[in-house]
Every structure is written in structure tokens, then in C-alpha cells.
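I would like the entire structure built from these sequences, with the hints used as guidance.
Just so we're aligned, residue 915 is where the sequence shown starts under my numbering, counting upward by one.
Think of the hints as simulated: they come from the structure by calculation, not from any bench.
Keep in mind that a hint or two might mislead.
Within a straight-line C-alpha distance of at most 20 Å, the following computed SDA-like cross-link-like pairs (lysine to any residue) qualify [stated by the list, open to error]:
id : residue 1 : residue 2
1  : K1029     : A1018
2  : K1029     : S1017
3  : K940      : E929
4  : K967      : V917
5  : K1039     : M1049
6  : K1021     : H1011
Label pairs and their in silico Cβ distance ranges [said to hold, decoys possible]:
id : residue 1 : residue 2 : range
7  : C1034     : Q1002     : 45 to 51 Å
8  : S1061     : L1038     : 31 to 37 Å
9  : V943      : R981      : 43 to 49 Å
10 : N1058     : L1038     : 48 to 54 Å
11 : A1050     : L1026     : 33 to 39 Å
12 : T1055     : C1034     : 29 to 35 Å
Note that this is a predicted model, so its numbers are computed, not measured.
We treat Cβ as the ideally placed atom computed from N, Cα and C, and that holds for glycine.
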Amino acid sequence: MNVEELLEMMEETLEAGTIVPFSASKRMVDVDRMRDIIDEVRNNLPDEIRESKKIVNDREQIMQNARIESENIIQQAEERARVLTSEQEIVKRSQQHAAEILSAAQKSAKELTRKATLYCETILKNSEEVLGRSMADIKNTRMNLRSAARPKNNMPK
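Okay, structure coming up:
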């Protein structure tokens, strides 16, 4: 029998019960018969109902497990966020340090270029002065050679 049929049997048993004197809504029924029908109903309940009862009974444990799992997930997410933040801070510091090194290198390169330019200018100036004196010496030597090579008109013929 299915549950519907058993419920109809319960209803019929209640209707077939003897009315209690002075009470229209109360009846006397066969208690053993009603217990047998109730046992049959329990035996014929679908598995889903039994499972749902079990789930309801296990609900507190399920909720506790869910709370623990959610707390673990939150804790892991917070830890991951701390790690990522820390990694970002390291990257930020590294970038800042790299920018400082680059700035110092550029400043040093400018200073080195300025000093090299000044040094080259000094060397070239000195070379120019030495070459100028050498040119003057060469001109004087040439003029002396020309003068010595010319016939002297003051000599008697």
C-alpha cells in the first residue's frame, strides 16, 4: 500500500469510531489498528522524506562544517591578500630603488661628461698654444732662412 491509501484507511478508522457521549467531535477508535496503520505509513514513506529527516537532524553539523569552511576560506583569502600586498610593496620599493639608482647614474654620467669635456677642452687649448708657438717658431725660422739666403747688397763688388 502507498501512503495515500494508508491515510485513507486512517480516516476511515476515525470515521468508523464510536462517538463519545456528550461530545460530537470525539470518537473512540481501535488504538492497535491506528498504530498498525501509522507503522505502515512510516514504512512506506519515500526515501527522500527519510533523507530529509536525516538532513534536518544533521543540519546543525552541516551548518557548523559550513561555518568552519567559510572561516577557513576567509582566512586563506586574507592571507593571500597579505602576501599579494607584501609582494606589491616589494615591487614598489624595488621600482623606487631602481629609479633612485637610475637618477644617480644619470647625474654621475652628466658630471663625468662635463669633466671629460673640460679635460678635452684644456688639452686642446694647450695643444693649440703649443702649435701656435711652433707655428711662430717655424715662421721665424723660415724668415731667418730667407734672410740668410738673400744676397747682401752691402757687400763691395
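Against the structure, the hints come out as follows:
Taking the CA atoms of K1029 and A1018, the gap is near 16 Å; set against the 20 Å cutoff, the hint holds. Pair hint K1029 plus S1017 holds up; C-alpha atoms about 18 Å apart against a cutoff of 20 Å. Among the hinted pairs, K940 with E929 is consistent with the structure: their alpha-carbon atoms are about 10 Å apart, no more than 20 Å. The hinted pair formed by K967 and V917 meets the criterion: a straight-line CA distance of about 17 Å does not exceed 20 Å.
Taking the CA atoms of K1039 and M1049, the gap is about 15 Å. The hint holds against a cut of 20 Å. A threshold of 20 Å between alpha carbons decides the hint, and for K1021 with H1011 the separation of about 15 Å falls inside it, so the pair holds. For C1034 paired with Q1002, a C-beta distance near 47 Å keeps the hint of 45 to 51 Å intact. For the pair S1061 and L1038, the supplied restraint of 31 to 37 Å holds, since their beta-carbon distance comes to about 34 Å.
For the pair V943 and R981, the beta carbons lie near 47 Å from each other, so the given range of 43 to 49 Å is met. Against the hinted window of 48 to 54 Å, the Cβ-Cβ separation of N1058 and L1038 comes to about 30 Å, which falls outside the hint. Remark: the range hint 33 to 39 Å for A1050 to L1026 is upheld by a beta-carbon distance near 36 Å. Distance hint for T1055 and C1034: a CB-CB separation of about 31 Å, consistent with the stated range 29 to 35 Å.
Of the numbered hints given earlier, the model fails hint 10 alone.
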